[in-house]
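For reference, the chains in residue letters:
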Amino acid sequence: MEQIFQALTIVMSPIALMFLMLGTAFGIICGALPGLGPSMAVILLLPFTYNMNPIVGIVTLVAVNVGAQAGGSISSILLRVPGTPSAIATTFDGYPMALQGKAGRALGIAITASAVGSIVSALSMLVAAPLLAKLALKFQSAEYFALALLGLSCISSLGSKNQLKSLFSACLGLLLSTVGLDAINGVARFTFDQPWLFGGIDYIPVMIGAYALAEVYKNISDKCGNRLNEGELTQYDNFEFIKLKEILSKWITYIRASIIGTIVGIIPAAGGSIAAFIAYSEEVRTSKNPELFGTGVEEGIIAAEASNNGAVGGSLVPTLTLGIPGSPVAAIIMAAFMLHGLTPGPLLLKQQPTMLYSIFIGIIIASLLLLFLGKFISKEFAKILKLPYPFLAVLIMVLGIVGAYSLRNNFTDVIILFVFSFIGYYFNKYKYSTSSFVLGLILGKIAENSLRKQLIVNNGSWMGFITRPISLVILIVSIMAFLNPYIKQFKEKKKALV
Amino acid sequence: MKKMSSIAMIFVMLVSLLVGCAQEPVGNSNQGTNGPEKAALDYPKRAIEIVVPFGAGGSADMMTRQMAPIMSGIVGKPVNVINRAGGGGVDGMVAVAQAPADGYTILQITPSHAIAQALDRPNANLTDDFLPIGNFQKDIQVFGVAKNSPFDTIEDLIAYAKENPGKVKIGGTSPGGLDDYMANGFAEAAGIELTYVPYNAAAETKAAVLGGEIEIYQDKVLSFLTMVRAGDIKPLVVLHDERLTMIEELKDISCTVELGIDFTQGSWRGFAVKKGTPQEIVEYLSEVIEAVYNSKEYQDAAAKDMSDIIPGYIGAGEYGKMWSSEIQKFREILSGN
Amino acid sequence: MGAPEVKGANHMELVFNLIIGIFLLVLLALSTNFGGMKISTDKIGPGGFPQMVIVISLILLAMISYNSYKERGKRKKGLFDIHDKGLKIMLLNIGLFGVYIFTLNYLGFIIGTLLFGIASLWNMGYKGKAKGILFVLILTLSITLIFGRVFYIALPRGLGILRELSYLIY
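Residue numbers (the working numbering), protein chains in the order written: chain R, 1 to 498; chain F, 1 to 337; chain C, 1 to 170.
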């Protein structure tokens with residue numbers, strides 16, 4: 001109790017609050033700008049924390065991460081350009097909502113869900129950190145493979161328009177993920193002796209090209225030819241605060257997504273983007289109207305955003321309790337601990353119990369700040385929607401290039417962006433699924449590598465997937481999720497016959 | 001028009017706000033106080049870029065970001081750190097090789113670059129395309145096992161591995177990388193067979209050891225220590241020619257050479273410039289790097305995060321020789337299988 | 001919108017499918033040559049996963065092609081309707097975008113973006129000249145300054161004198 005009080009006095013001091021606010025705002029802006037993820041945001045602020053009180057410094061960095069994960073939704077919703085990798089799933093329903101003139105409400109939902117996700121994960125961190133850390137270690141190759149399948153299982157719901165084409169798109173994505181040096185024995189695969197393919201194809205430029213640029217091409221062709229005006233973002237509502245009553249009426253969605261986010265965040269190999277996919281597919285699986293997802297369903301945004309922010313608190317759990325960072329950002333935060341001469345792990349929690357409470361309070365304050373800063377910042381960003389379309393088109397194309405380039409300061413990514421803008425255009429035109437394709441690309445590596453690794457560590461036996469209880473449960477759930485739409489179709493046909 | 005101007009206002013405000021925030025205090029212009037003599041050299045005239053060929057947040061990146069402000073204070077111009085990841089360090093290397101040889105673009109290097117050359121990866125030619133300016137940090141590799149493991153000493157482990165060839169699994173990051181080399185080199189020298197399982201990141205390897213998926217955990221001293229202090233890992237052997245007596249937790253742990261296993265290896269992190277850079281600039285930069293290393297600010301910071309456990313500085317001449325010998329070693333072990 | 005029925009539209013998709021199919025077969029052939037297994041318990045090996053995915057893809061592709069063959073002629077509009085004005089603008093704009101990307105490393109980000117922005121706005125038929133130029137100018141400068149000075153992301157600088165000049169800005 002005394003420690004909570006101590007933590008409160010540190011975090012609530014005016015200076016600390018100011019840093020928290022600046023950190024959260026900086027995070028939101030970095031998240032909203034494509035190509036600058038949470039890692040970049042945290043590392044840029046790191047030098048400023050050298051001379052701070054260690055607790056204030058760490059809490060500020062955590063606030064930056066909270067802000068960046070939430071900020072990613074802004075460009076996902078407004079421009080269909082995911083601001084951060086973990087905001088991909090937000091585009092599925094966020095952008096369609098914006099097309100319907102409900103961008104302000106979509107932003108409100110995204111920011112609220114982010115705040116709820118962070119708070120839930122902070123609470124679970126405080127209450128059950130050591131327990132959760134043990135859980136994290138239960139996740140090994142077999143479980144990673146099962147998780148990847150669970151994430152992939154939402155392709156069958158994403159492709160309600162054309163199942164075959166959705167599956168085919170996912171397969172192409174999986175195939176694309178194998179390009180580059182094999183992660184197990186290092187041979188070059190499908191590289192055609194091109195050195196720039198050795199590192200594989202990064203999904204961010206693929207995604208910006210196939211989502212955002214392909215959409216721009218289509219809009220140019222539709223709008224500049226003075227044809228249909230469908231989907232024009234001329235109407236725009238104001239940023240909407242989500243009322244507590246509304247949150248409570250959808251509490252299951254919020255809590256489920258936050259918990260999925262927290263658990264996936266704890267696992268070192270999986271992060272916010274995988275958390276968002278899994279939460280999204282779970283939401284689809286349990287929904288009464290799965291076929292509506294992808295057309296602007298609010299639950300879709302909530303699931304994606306609550307889970308990727310849930311991963312923030314989750315990723316800190318193994319960092320603090322075991323000294324194993326749960327995500328790349330957590331690794332940087334761990335480095336910040338070291339720079340302050342602190343070693344994360346059980347000893348730290350014993351010697352500096354104030355730290356855990358301070359981080360907890362810090363996340364809560366950052367989440368509350370998120371609501372207000374999010375309103376202000378996303379309002380400014382939303383103004384670009386009032387631009388005439390040619391301006392918006394140029395803006396998205398230039399931002400696309402900058403986003404792809406700044407990811408690794410590598411020009412190759414810009415070429416990849418350009419190539420995949422055509423593939424995205426072709427996919428849209430012939431009703432293939434870009435989302436399934438990107439999902440395959442992202443989850444392909446983790447699925448293949450964990451499958452092979454499990455066989456290696458289990459001396460070539462396949463039984464590990466079944467004998468490990470967590471793996472078995474997740475496998476069954478993912479098969480159910482995968483078959484769910486088919487079973488529904490089958491039942492409806494039967495009904496129709498009767 | 002009103003719309004336009006308000007949007008323009010927002011952009012201008014945003015830019016000025018952000019640019020304003022970014023004006024971090026660059027050194028305190030203590031130019032010349034502890035830096036090398038700057039004879040009649042007209043360098044640097046503008047900001048220097050250090051290209052870190054890996055993602056943000058790795059140990060190479062953290063080191064560079066730590067030393068850059070100190071270096072900036074010495075040369076009197078900003079020193080910017082740029083991450084150019086991709087191709088296991090090769091993409092960044094190529095980018096520096098394509099920039100002009102004027103000393104304004106410095107490459108941060110690690111054993112990954114020597115390995116890329118040893119494996120004859122295209123475009124990776126450290127010794128022919130670059131000149132050394134100095135090494136900055138050195139690391140030593142330590143092997144260990146989870147605390148509930150049946151093995152208590154390295155002798156136990158070797159005896160078990162001799163009876164069960166290939167049964168003992170060792171983790172690491174990336175196939176054909178430094179970790180792979182160290183696992184293979186150690187196994188070869190000890191006369192045993194280990195199965196090397198590559199993971200994507202060090203964090204995954206740690207989780208795999210603690211979760212019981214693999215037996216041996218290998219890491220750099222610094223990261224290794226965090227795990228030992230957390231009580232999760234038992235250290236078994238240090239890949240070095242003497243015991244690390246300066247570290248409380250490792251002072252009783254045997255080193256490879258005393259066990260008769262003739263294999264030592266660690267990581268190193270230093271800097272290089274493109275070949276063709278004027279000689280006086282190369283010399284000036286190596287002096288600057290040495291001055292940064294010896295500066296009180298750096299020594300204090302290094303003492304705090306313990307990156308100075310092993311003195312890391314190596315001057316340019318010796319560093320160049322080290323490149324060749326490392327590449328030779330990597331070639332022998334890695335191309336052998 | 002009474003777009004004329006184009007009979008060839010579905011044939012076009014079939015042709016695309018055929019090309020994709022052949023490409024997949026080439027990849028399948030390549031994947032059999034990925035080099036030996038290093039780890040004896042790695043049963044799947046580097047080639048196994050891609051091979052499995054390719055085989056599934058080929059089956060799906062065959063099913064898709066069969067379906068679209070069955071439904072041929074039902075589609076209203078093809079991928080390319082050359083007489084469409086919007087499509088022409090789009091293709092020209094993609095062309096401009098391509099030129100922009102491939103000259104970016106020579107011209108540098110600032111000049112490249114200015115030229116592309118103005119050309120693209122003009123191509124899309126935007127009327128207000130002054131406003132257009134002002135917008136492109138603000139866009140270029142703000143992106144260059146935000147990314148270059150705040151985030152230390154060195155956008156392409158261009159060659160020769162352009163490279164030197166860019167150092168004055170970021």
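Treat the hints as calculated values from the structure; they're not laboratory data. Where hints are given, some of them may not hold.
[Unchecked claim] Label-pair distances were calculated between CB atoms; the ranges are:
(1) C:63 - R:488: 48 to 58 Å
(2) C:15 - R:131: 28 to 38 Å
(3) F:102 - R:5: 38 to 48 Å
(4) R:479 - F:98: 24 to 34 Å
(5) R:295 - C:167: 40 to 50 Å
(6) F:328 - C:103: 48 to 58 Å
(7) F:332 - R:479: 43 to 53 Å
(8) R:250 - F:98: 50 to 60 Å
(9) R:480 - C:63: 49 to 59 Å
(10) C:128 - F:122: 18 to 28 Å
[What the hints assert, rightly or not] Each computed SDA-like pair below joins lysine to any residue, with the alpha-carbon atoms no more than 25 Å apart:
(11) R:218 - C:43
(12) R:429 - C:169
(13) F:167 - C:45
(14) R:134 - F:201
(15) C:127 - R:429
(16) R:218 - C:45
(17) R:431 - C:24
(18) F:167 - R:285
(19) C:43 - F:290
(20) R:431 - R:291
(21) F:304 - F:45
(22) R:429 - C:43
(23) F:234 - R:291
(24) C:131 - C:160
(25) F:45 - F:201
Using N, Cα and C, we set each Cβ at its ideal position, and we do this for glycine too.
To see whether the hints hold, each was checked on the structure:
Checked against the hint of 48 to 58 Å, the pair residue 63 of chain C and residue 488 of chain R fails, with Cβ atoms roughly 21 Å apart. Roughly 58 Å separates the CB atoms of residue 15 of chain C and residue 131 of chain R, a value that falls outside the hinted 28 to 38 Å. A beta carbon spacing of about 58 Å between residue 102 of chain F and residue 5 of chain R contradicts the range 38 to 48 Å that was offered as a hint. Judged by the Cβ atoms, the range 24 to 34 Å given for residue 479 of chain R and residue 98 of chain F is violated: they are separated by roughly 50 Å.
Distance hint for residue 295 of chain R and residue 167 of chain C: a CB-CB separation of about 49 Å, consistent with the stated range 40 to 50 Å. In this structure the hint that residue 328 of chain F and residue 103 of chain C lie 48 to 58 Å apart at CB is violated, the actual value being about 43 Å. Separation of residue 332 of chain F from residue 479 of chain R is about 48 Å and conforms to the stated range, judged on CB atoms against 43 to 53 Å. One distance hint, 50 to 60 Å for the beta-carbon pair residue 250 of chain R and residue 98 of chain F, holds here, with the actual separation near 53 Å.
Distance hint check for residue 480 of chain R and residue 63 of chain C: the Cβ-Cβ separation is about 24 Å, which falls outside the suggested range of 49 to 59 Å. Distance hint check: the CB atoms of residue 128 of chain C and residue 122 of chain F are about 50 Å apart, inconsistent with the given range 18 to 28 Å. Proximity of residue 218 of chain R to residue 43 of chain C is assessed by CA-CA distance (about 45 Å); at most 25 Å being required, the pair is judged violated. Of the pairs offered as hints, the one joining residue 429 of chain R and residue 169 of chain C is violated, with about 42 Å between alpha carbons and a cut-off of 25 Å exceeded.
For a cut-off of 25 Å, the pair hint linking residue 167 of chain F to residue 45 of chain C stands: about 19 Å separates their Cα positions. For a cut-off of 25 Å, the pair hint linking residue 134 of chain R to residue 201 of chain F stands: about 20 Å separates their Cα positions. About 30 Å separates the Cα atoms of residue 127 of chain C and residue 429 of chain R, which puts this hinted pair outside 25 Å; it is violated. Proposed proximity of residue 218 of chain R and residue 45 of chain C is contradicted: the alpha carbons are some 41 Å apart, above 25 Å.
Taken as a hint, the residue 431 of chain R and residue 24 of chain C pair is honoured in the structure, with Cα atoms around 20 Å apart against an allowance of 25 Å. For the hint linking residue 167 of chain F to residue 285 of chain R, the alpha-carbon distance of about 41 Å lies beyond 25 Å, and the restraint is violated. Restraint check for residue 43 of chain C and residue 290 of chain F: not satisfied, since their Cα atoms lie roughly 50 Å apart, outside the 25 Å limit. Straight-line distance between C-alpha atoms of residue 431 of chain R and residue 291 of chain R comes to about 16 Å, which keeps the hinted pair within the 25 Å bound.
Straight-line distance between C-alpha atoms of residue 304 of chain F and residue 45 of chain F comes to about 33 Å, which puts the hinted pair past the 25 Å bound. Proposed proximity of residue 429 of chain R and residue 43 of chain C is contradicted: the alpha carbons are some 40 Å apart, above 25 Å. Distance check on the hinted pair: residue 234 of chain F and residue 291 of chain R sit about 53 Å apart at the alpha-carbon level, beyond 25 Å; violated. As the CA atoms of residue 131 of chain C and residue 160 of chain C are separated by approximately 32 Å, the hinted pair breaks the 25 Å bound.
A hinted pair counts as satisfied when its Cα atoms are at most 25 Å apart, and residue 45 of chain F with residue 201 of chain F does not qualify at roughly 39 Å.
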